[in-house]
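*Asks:* Read off the chains here:
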Amino acid sequence: MACFFKNSCGTQRFPAHVMMVVSSAIFVFFTFSDSYSQEPLDSDIAKALRKVVKCEKIEVKTKPENNKGGKLKALLIRLVAPPKQILPADYVTVQYTNPDIDLISLKNSNSFKVKSYSNFKIGVLVSEQTIQNEFKKTAKRLNFTYNKLLIKFTPPYIEVEFDVPATAIPLKDRKLVEKFIKNKRLEGYATLRLEIQDNKIIASPVKVILNHFLVPMPLVSEFKKRINPIYQIQRIRPFNYNLVKVDILKQHIFFSN
Amino acid sequence: MRKNKLLVLFYILAGIALAVIGYVSFLYWQGSASNYEPPQQPAVSPQERAQSDLEHLSRAVEAYFIKNMEYPPQLESLIPEFIDRVGNDPLSGKTYQYRLYESDGNSRYRISVPDPTLYLAKELYIEDGMLFQK
Chain Y
46 MACFFKNSCG TQRFPAHVMM VVSSAIFVFF TFSDSYSQEP LDSDIAKALR KVVKCEKIEV
106 KTKPENNKGG KLKALLIRLV APPKQILPAD YVTVQYTNPD IDLISLKNSN SFKVKSYSNF
166 KIGVLVSEQT IQNEFKKTAK RLNFTYNKLL IKFTPPYIEV EFDVPATAIP LKDRKLVEKF
226 IKNKRLEGYA TLRLEIQDNK IIASPVKVIL NHFLVPMPLV SEFKKRINPI YQIQRIRPFN
286 YNLVKVDILK QHIFFSN
Chain B
267 MRKNKLLVLF YILAGIALAV IGYVSFLYWQ GSASNYEPPQ QPAVSPQERA QSDLEHLSRA
327 VEAYFIKNME YPPQLESLIP EFIDRVGNDP LSGKTYQYRL YESDGNSRYR ISVPDPTLYL
387 AKELYIEDGM LFQK
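Chains Y and B, in that order, are what the protein sequence lines are. Here our numbering is used: the first residue of the first sequence is 46, the next is one more, and so on. Here our numbering is used: the first residue of the second sequence is 267, the next is one more, and so on.
Incorrect hints may have been included.
Stated by the list, open to error - Pairs of lysine-lysine residues, derived as DSS-like cross-links and limited to a Cα-Cα distance of at most 25 Å, are as follows: (1) Y/Lys116 with Y/Lys96; (2) Y/Lys116 with Y/Lys166; (3) Y/Lys99 with B/Lys400; (4) Y/Lys108 with Y/Lys118; (5) Y/Lys217 with Y/Lys245; (6) Y/Lys245 with B/Lys333; (7) Y/Lys229 with Y/Lys129; (8) Y/Lys220 with Y/Lys269; (9) Y/Lys166 with Y/Lys108; (10) Y/Lys197 with Y/Lys106; (11) B/Lys360 with Y/Lys102; (12) B/Lys333 with Y/Lys108; (13) Y/Lys193 with Y/Lys252; (14) Y/Lys290 with B/Lys333; (15) B/Lys333 with Y/Lys96; (16) Y/Lys152 with Y/Lys129; (17) Y/Lys166 with Y/Lys181; (18) Y/Lys229 with Y/Lys182; (19) Y/Lys152 with Y/Lys108; (20) Y/Lys106 with B/Lys333; (21) Y/Lys158 with Y/Lys182; (22) Y/Lys197 with B/Lys271; (23) Y/Lys217 with Y/Lys182; (24) Y/Lys92 with Y/Lys182; (25) Y/Lys181 with Y/Lys108; (26) B/Lys388 with B/Lys400; (27) B/Lys333 with Y/Lys158; (28) Y/Lys118 with B/Lys333; (29) Y/Lys96 with Y/Lys197; (30) Y/Lys197 with Y/Lys160; (31) Y/Lys92 with B/Lys333; (32) Y/Lys295 with B/Lys360; (33) Y/Lys193 with Y/Lys152; (34) Y/Lys295 with B/Lys333; (35) Y/Lys166 with B/Lys333; (36) Y/Lys290 with Y/Lys270; (37) B/Lys388 with Y/Lys129.
Calculated from the structure, these hints are not laboratory results.
Construct all of the structure, not just a fragment, from the sequences and the given hints.
*Replies:* Below, the structure written as structure tokens:
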């Protein structure tokens, strides 16, 4: 500090100081966009995402490149319990490889933008329990009453046992199964496989039993045409993706791009 | 002549009625609660079975990653949430091998059969969801 005052008074050494200050300013200016210590970066990304994605928890992990300050090798974002109206899932994890994050936007306007990346992976995990809960909520909202609905994951299938009043099925679809209706009820079992095309979930019944009768395959195929797609997965902004793979695991459905 | 024609018609109708009754009985018999189970998987060769096991384990590893933001330290960590059991390679009877490593700053995993030569290959593994047989 003393040295600084001494130098600033000395007219001969003034240009050297100006040079030092200017070069420092240039250095700070040019490295600003690149330098960002890791912990604040993680929390700033999480903060920016919290502005646009309302979910229980957002976790961010970044892996910096060894030599280039501020550059990232990988960025991992995990959303826990994302908004149910968009996607009734338990976990969504996004993985960017070599992402180039717009640090100026992040710093100035607290918005998360990835300018470029070499690879992008997203996975969505939905548990058996979440599906049961979602079904209960939907049934309540639509005034759809049922006596029994058991969902079990038996990879690669989903098994469903049900006992529903015939009136719970829309009239146009009810005609298809009216021969199987007994005492105004439909009780039975179904084995399904899931497919996903362009974020639309398609259920493929493999075996359907209604009121003690195995439903013939031509009728099952017709039913498949009528009920699909059973669900359209909404994109969670700001991520842009198409889910194209679905797998049934022991207690979860796993969607990925 | 006409009587013969009627008799033939009668037999045809009786045959059709029997076929329909048989079909309906079959559907009824197949629809009992004891048949509330998924269809049997077709029998496959050991190679197809090993590939299918590797793919299933790989999906479970990826799902574990989605939940925990890291790959499982060992395949047994997937039990009971993602799989029932790790299972053995059909030809050697040994458990599948699992390895974690770093590449381009990203964690990666490889699941392989214990002895690929039994499948007439130098290597048979799945890495990052992609199956390789060399």
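*Asks:* Which numbered hints turn out to be false for this structure?
*Replies:* Numbers 3, 7, 10, 11, 16, 17, 21, 22, 24, 25, 29, 30, 33 and 37, in rising order.
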